[in-house]
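K.L.:
The residues making up each chain are set out below.
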Amino acid sequence: MRWVWIDRFTEFVPRTSATAIKNVSLAEEHLHDLYPDYPIVPHSLIIEGMAQTAGILVGEAANFSEKVILAKIGRATFHRLVRPGDTLTLRATIEHFSEAGAGCRGEVRVGEELVAQIDLMFSHADRNIAGLKLPDHNFVFTEQFVQLLNTYRDQGEIPL
Amino acid sequence: MTQEEIFKKVQSVLVDALGVDEADVTPDATLRQDLGAESIDFLDIVFRLEKAFNIKIDRGELFPENLLNDPRYVQGGKVTPEGIAELRKRLPNSDFSALEANPAIENTQSLFTVDAVVKFIQSKVA
Chain W
1 MRWVWIDRFT EFVPRTSATA IKNVSLAEEH LHDLYPDYPI VPHSLIIEGM AQTAGILVGE
61 AANFSEKVIL AKIGRATFHR LVRPGDTLTL RATIEHFSEA GAGCRGEVRV GEELVAQIDL
121 MFSHADRNIA GLKLPDHNFV FTEQFVQLLN TYRDQGEIPL
Chain Z
1 MTQEEIFKKV QSVLVDALGV DEADVTPDAT LRQDLGAESI DFLDIVFRLE KAFNIKIDRG
61 ELFPENLLND PRYVQGGKVT PEGIAELRKR LPNSDFSALE ANPAIENTQS LFTVDAVVKF
121 IQSKVA
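Listed in order, the protein sequences are those of chains W and Z.
Read in order, the letters of the first sequence are residues 1 to 160 in the working numbering.
Read in order, the letters of the second sequence are residues 1 to 126 in the working numbering.
Don't read these hints as lab results, they were simulated from the structure.
Treat the hints with caution; some may be incorrect.
Mimicking BS3-like on lysine-lysine, the simulated pairs with C-alpha atoms at most 30 angstroms apart in a straight line are [what the hints assert, rightly or not]:
{"no.": "1", "chain 1": "Z", "residue 1": "Lys8", "chain 2": "W", "residue 2": "Lys72"}
{"no.": "2", "chain 1": "W", "residue 1": "Lys72", "chain 2": "Z", "residue 2": "Lys124"}
{"no.": "3", "chain 1": "Z", "residue 1": "Lys8", "chain 2": "Z", "residue 2": "Lys51"}
{"no.": "4", "chain 1": "Z", "residue 1": "Lys9", "chain 2": "W", "residue 2": "Lys133"}
{"no.": "5", "chain 1": "Z", "residue 1": "Lys124", "chain 2": "W", "residue 2": "Lys133"}
{"no.": "6", "chain 1": "W", "residue 1": "Lys133", "chain 2": "Z", "residue 2": "Lys8"}
{"no.": "7", "chain 1": "Z", "residue 1": "Lys119", "chain 2": "W", "residue 2": "Lys133"}
{"no.": "8", "chain 1": "Z", "residue 1": "Lys9", "chain 2": "W", "residue 2": "Lys72"}
Remember, predicted model here, so these are calculated numbers, not experimental data.
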């Protein structure tokens, strides 16, 4: 399977906010591990979905020139369990942005219902990990992630 | 703003950023050793302080990061006299007694106390 936890962007305001959706399907294999008789989406994967939504938002803000890595989960509060058939709407807003990294506030909804609040901090790796040699190419933003944004843009929602 | 008001706000920032109790955030508490802060937390703290006090804090102004990687200032795990002089310039609000008694690099933690942050903010909002 592919490590992508959002299906589509529905809103993308560069350097400000982004909204993505993820459809939860009973066909997803991992749901049947937790729990065998009561499949739910593990909280860690909802956090990962928010990290991908916010990470692409932060990455695009610097034209994908920075290696944006998730550095800190400031807050992850869950209000109810997420089940197959739910469509998650993940909305990330940039609160702070600097050359060192960024801070994002996130809200996850199913319909109108607030399901989770997830605040994340990202680091621009090359500028912060003193002494550690990272590969030159940007290994963070794979084709898959850039394509999610391109698919949204091709709908003509925002100017290139 | 009074020093007490500044302290209360700084205390609130550190409680949010580090997930510690208010009671842990005393003026003498060191950020790393007593409150468990790590490097990414320093970035978070700077962001939150900027927001709480409506000020701009330049990179390395509150927490001079690259100083401790500079071979002029740190040799053989000890801070050189040049290093201490440079740190004094960059951190006028910190207490250098522990570091001067023993210039081992680990003792630089003692420079970053809650009180040093409060004094830094005081100088910025004055």
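K.L.:
Each hint needs a verdict: does it hold in this structure or not?
P.N.:
Status of each hint after checking the structure:
1. Lys8(Z) <-> Lys72(W): holds (24 angstroms)
2. Lys72(W) <-> Lys124(Z): holds (27 angstroms)
3. Lys8(Z) <-> Lys51(Z): holds (15 angstroms)
4. Lys9(Z) <-> Lys133(W): violated (38 angstroms)
5. Lys124(Z) <-> Lys133(W): violated (36 angstroms)
6. Lys133(W) <-> Lys8(Z): Violated, because 40 angstroms separates the two Cα atoms, which is more than 30 angstroms.
7. Lys119(Z) <-> Lys133(W): violated (36 angstroms)
8. Lys9(Z) <-> Lys72(W): holds (22 angstroms)
The structure shown violates the earlier hints numbered 4, 5, 6 and 7.
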